[in-house]
Amino acid sequence: MNPIAAGVLTIVMIAAVALFGRRAQLIYRLIRKGKPVARFDDIAGRARAEAVVVIGQSKLLQRMVPGLMHAAIFWGFIALLPTIFIAMIGIVDQHATLPWLGRQGWYALLVDVFAAVVLAGVITAFVIRKVQRPRRFAGSHMREADLILALIAGIVISLLLWHASQIALGLNEYPAAWAPISSLIAQGLHHSWTPYLERGAVWAHVLLILGFLVFLPYSKHLHIFLAAVNVFFGRTRARGRLEPINFEASMDADVRFGAATAADLTWKQVLDTVSCTECGRCQDVCPAFNTGKELSPKLLIMGLRDQLLSGATAPLVPNAVTDNVVWDCVTCGACVRECPVGIEHIDHIVDLRRNLVMVESRFPDEAATMLRDVDRAGNPWGKPQSDRAHWADGLGVRVLDAGEPAPDVLFWVGCAPSFDERAKQAAISTAKLLKEAAVDFAILGPLESCTGDPARRMGDEYTFQKQAKQNVSTLNEAKVKKIVTTCPHCFNTIGNEYADFGGRYEVVHHTEFLAELVREGKLKTLAGDRTITYHDSCYLARHNDVRDAPRELAAAAGRAVEMPRNRERTFCCGAGGARMWMEERRGRPINEERVREAAGTGAETLAVACPFCTVMLDDGVRTTGAKLQVIDLATLLSEAVERRRARDSAASTTDG
Amino acid sequence: MTATALVLMEEGEPSEQAAFFARGWGDGTVHSVGVDAIKPYAPDAIAAILQRAADDLKAVAVLAAGTDRGNDVMARLAARTGLPFAANIVAADPADAIEVTRQRWGGSLLENAILISGRPLVTVAPYAVKAGNWPGPIAVDVKRYIAELDPRDMVVQVKEHIDPPGGGVSLAEAKVVVSGGRGVGSKEGFAIIEELAGLLGGRVGCSRVVTSAGWRPHTDQVGQTGTKISPDIYIACGISGATQHMAGCKGAKRILAINADAEAPIMSLADYAVVGDLKEVVPAISAEIRKNR
Amino acid sequence: MRVLVCVKRVPFTGGKMVLTADSMALETRHLGFTISPHEECGVEEAVRLIEANGGESVVLTLGPPEAAEQLRDAMALGIDRAIHLQTDGQEWDAQATSSAIAEAVRADESASGPFDLIVFGNESADAGGYQVGLRVAYALGRPCATGLKGVKVEGLTVRCEQDVGGGRDVYALPLPAIVTVKEGLNLPRYPSVPGRMRAARKPVATSNPARPESQLQLIRLTVPGGSGRQTKLLGTGPSAAPAVVGMLREIGVA
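For the protein sequence lines, the chains are F, Y and P, in the order given. Residues in the first sequence are numbered from 1 upward in steps of one, following this note's numbering. Residues in the second sequence are numbered from 1 upward in steps of one, following this note's numbering. Residues in the third sequence are numbered from 1 upward in steps of one, following this note's numbering.
Heads up, some of the hints might be wrong.
[Unchecked claim] For the chain F half of the interface with chain Y, some residues (derived, Cβ under 10 Å), not all of them:
no.: 1; residue: W100
no.: 2; residue: R103
no.: 3; residue: E360
no.: 4; residue: D365
no.: 5; residue: E366
no.: 6; residue: A368
no.: 7; residue: W381
no.: 8; residue: G382
no.: 9; residue: E421
no.: 10; residue: D440
no.: 11; residue: G587
no.: 12; residue: D619
no.: 13; residue: R622
no.: 14; residue: T623
[To be verified] 30 Å max Cα-Cα, derived BS3-like pairs, lysine-lysine:
no.: 15; chain 1: P; residue 1: K149; chain 2: Y; residue 2: K39
no.: 16; chain 1: Y; residue 1: K228; chain 2: P; residue 2: K202
no.: 17; chain 1: Y; residue 1: K175; chain 2: P; residue 2: K202
no.: 18; chain 1: Y; residue 1: K253; chain 2: P; residue 2: K232
no.: 19; chain 1: F; residue 1: K466; chain 2: P; residue 2: K202
no.: 20; chain 1: P; residue 1: K232; chain 2: Y; residue 2: K279
no.: 21; chain 1: Y; residue 1: K187; chain 2: P; residue 2: K16
no.: 22; chain 1: F; residue 1: K469; chain 2: P; residue 2: K16
no.: 23; chain 1: Y; residue 1: K279; chain 2: F; residue 2: K627
no.: 24; chain 1: F; residue 1: K627; chain 2: Y; residue 2: K187
no.: 25; chain 1: Y; residue 1: K279; chain 2: F; residue 2: K424
no.: 26; chain 1: F; residue 1: K432; chain 2: P; residue 2: K16
no.: 27; chain 1: Y; residue 1: K228; chain 2: Y; residue 2: K159
no.: 28; chain 1: P; residue 1: K152; chain 2: Y; residue 2: K39
no.: 29; chain 1: Y; residue 1: K143; chain 2: Y; residue 2: K187
no.: 30; chain 1: Y; residue 1: K253; chain 2: P; residue 2: K16
no.: 31; chain 1: Y; residue 1: K187; chain 2: F; residue 2: K424
no.: 32; chain 1: Y; residue 1: K228; chain 2: P; residue 2: K232
no.: 33; chain 1: Y; residue 1: K253; chain 2: P; residue 2: K149
Hint data in this document are derived by calculation from the structure and do not stem from the laboratory. All residues carry an ideal CB built from backbone N, CA and C; glycine is no exception.
Let's have the full structure, built from the sequences with the hints guiding it.
The following block contains the structure:
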């Protein structure tokens, strides 16, 4: 037992913990001061997310090499945790160790293996960063990362050297045979200076760790504490649902109109910003960033973090984040899905938008017309609501009157299929198929009003809530139970967001409903010779996990091929986030990018399940001249049903 | 003793139409006072002159074209005499209680109303009635009235005229107008519209959707709340033909509509139609024009 | 400075005219309502004038109880208070409207002082009478310029700009004056939600004037038929170009 060593260690530890604690407290306070948001439901789901995303490193492992690299370091860190205490004990008493664990051979093996694994991970990380140089690191603090990696390397190298010198000096409490790597190194350490190496290595190990502890809360390495917490508090269900604003708060001052300054951020948003590791995976999948726009989800979060930590009270837009960045976003959710530490970038963007639209009235002019039209005309194009059911002329579709009770299924058409030439086709095909399958359904016609999705994504929560309340009232009056809709945005809003306004219905996307009809045999199909590639709609595949039903329909209609970015990794068409009504003024058009990807599959049919995707991708086909036909799955299914009917009737006539 | 009608005359077809229409009142005689009787334009003074002239002539009705100036002067005449005023009529049935048909919603809706007045004051909606061949109205000698004008009627008078920037013919006076609507797609998309307009020596116009999106300035807007045009030919590209827009171009002698949607309202309201993508059709027309030059 | 702006509640028709069964009015069952477009610019101009010069802005409407919505919308943009001349929903013709407005202006001015400027829309989107602003001006004995695209208060006069065939005509009227304005005067701001919430608490003075006998009595409304033009299809796609150019040559344009 070395009292001087114990004394020095104690002083250093106290100093380190105090310095760490001071900064950690600052960060904790920032989080606590954040505005409230309810994230304490579904504990089971949250625990599951912890297990899968954090312990299981699921999001990181989507990219195999960097994923394994990080998993190595992460799991290594967990496994090597006790060695910190073993080292501290070893400083005080060279011959002592952690009771029981310090003597276990299997633990010695574990330590050796993981130390090597961590080192391999660090080397891999350096190779990725210095040799491969992926674009996702553009804008990240590279030197800080280098220092962190160097410290980690230093920690495991000092650990291995300590164990090796322990073994060389015979000080090991664990059987040396169980520590092959340390033993191997020990063979080269039979020198007079080995005792000094042993003391030096253990002190270096502990000092590096304590130094790291102090450095940690000033760096992005803070994520090792916060990431697990942030993932726990992320959305587990209804991912497409945005937090409503309570406009009826008794005092004006209590109403939070999104985020104007850092003080307006919720505690989850604060936690988001300080959890960021600057890995850039979000940036890599962002459609805006990848087509030359200013928006980088990573730089957005970093900008907010920097302003937050600096304590500045200036408005977030344009000081931490420019106006362009706020409006570039299509709310596709690729960033949120990709983020390994559970950051929910869309909440930040929408809150910034809410302040800009509802308080400062500072937003792209062309969107003002859309917002006014939603408010005054009940649809974003200002078309007459009395024309809303015209698409169904001649189809024998039942239109409900005010107060009339709804049948089994209410077909919610949506504004785009009601008024847009190209989007209408999906509604027509769906109506025909529903009739064919003898489904008892009706539409609301002029009583159907915009769900308010474009207003909400713009940040105009006020107009959205007016629409939501009006529609919920109409739906409840008609005692609607089940809704089928062709529009994923309506699907998301009615299914996930209307519950906050008293609207609880079973909402199904038309591809899901039609796929079920096919499975039940109510619609009989015959596949044709089209080669079909299906474009997953963001609001279906990512926000709501609807990925299989559309594929059943595509397979029933023809030969299906997948695009590289498919299912939950789909690449947005560019219309989300109310961008359908905004000009794309910088960079390359997002829709053309996706059309090129589709054309690259060799398919001649580009299947869609969303009216916005229909219009955007069709525009993209026209401007790029691609040899593709953009067709809704309902129409393709309709073709398949016709084909089957033709074959069956031909067969029966030849029989007769 | 004649039962004459009195009409306010300006340059242009709408006044000629109003004067021709005025023959339906009284015994068919029509007298006129020019809006340029006072230069620069002073609407209260013109209204005062009209009032004096109407009284002296014992005019059975006073009419004008439903132009900006026409409505302006006639409303002042109505205000100073306390008589009712029906703007933009398209038909009238003169009797004791006159039934007039006038425009609402810029012409999208028609109102039949009874005008109860000792001396009907009306403006005639431009291009709603046709002017035929006739000698024209009798000009009233207004010198005496001018000499006796109350100075208060000269307070509202044009003090200054600002010429349009860049010179050239304004949208309202252009003989050829080529317009783009939502179908053009973007600010840059208007290049082909400008090209065609340039080749035909005309002006570029647009629909309200385009100005709201910020692709073109409001000065280019054709429509009920924009500029009313009366060109020899109006070429509408990618414009659906909403009534507010059509209200602005019904003065056009001929309308050519180019639209991808054969069912768009404008396709049955125009004189000529081409079904197709304007992005292909418009450059093709420009190329065809160049070919033979 | 004191500015009054007058507005009218009109339906947002989307360009389509649907009549009630008795053809006496538009069917408004599926329609939203708004302030007539020219007047929206008038409201914005009034707000800007008071922002620049200090003082008070007032919005006035003659309309049914529901027209209070339009008053709140105007106040959400920044107008300070409102006057609601409430009707029972029946139409008032332009003369009746004007005299009621003139009356209300006189009453308000005797209580709170004269308005430097009163702003009207050139014509309402629906009735399109083109006369209310001028009649009120004559009733109050004030100068009035119409159809303006530019309004600038300079000391004791207001500089008014009007679009004419080529260019603009400019008037200079001594205050107090009345102007009627057209869309294009300015770009109205989008109302802020705090503005809307404040507007809900701003004062509205309501009265119920008696409706005088009308001298322009509505008999019925009708939706006009087509343009009367017979459409000739020249072709489909770019291949129609020669036919088009042929027609253009015929009329002497190409």
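Taking the hints in turn, this is what the structure says about them:
no. : hint            : result
1   : W100            : 73 Å, violated
2   : R103            : 74 Å, violated
3   : E360            : 19 Å, violated
4   : D365            : 5 Å, holds
5   : E366            : 4 Å, holds
6   : A368            : 8 Å, holds
7   : W381            : 9 Å, holds
8   : G382            : 9 Å, holds
9   : E421            : 6 Å, holds
10  : D440            : 31 Å, violated
11  : G587            : 14 Å, violated
12  : D619            : 8 Å, holds
13  : R622            : 7 Å, holds
14  : T623            : 9 Å, holds
15  : P/K149 / Y/K39  : 22 Å, holds
16  : Y/K228 / P/K202 : 39 Å, violated
17  : Y/K175 / P/K202 : 51 Å, violated
18  : Y/K253 / P/K232 : 15 Å, holds
19  : F/K466 / P/K202 : 21 Å, holds
20  : P/K232 / Y/K279 : 21 Å, holds
21  : Y/K187 / P/K16  : 28 Å, holds
22  : F/K469 / P/K16  : 26 Å, holds
23  : Y/K279 / F/K627 : 18 Å, holds
24  : F/K627 / Y/K187 : 27 Å, holds
25  : Y/K279 / F/K424 : 23 Å, holds
26  : F/K432 / P/K16  : 28 Å, holds
27  : Y/K228 / Y/K159 : 25 Å, holds
28  : P/K152 / Y/K39  : 24 Å, holds
29  : Y/K143 / Y/K187 : 53 Å, violated
30  : Y/K253 / P/K16  : 24 Å, holds
31  : Y/K187 / F/K424 : 27 Å, holds
32  : Y/K228 / P/K232 : 24 Å, holds
33  : Y/K253 / P/K149 : 28 Å, holds
In terms of the numbered hints stated before, the structure departs from hints 1, 2, 3, 10, 11, 16, 17, 29, listed from lowest to highest.
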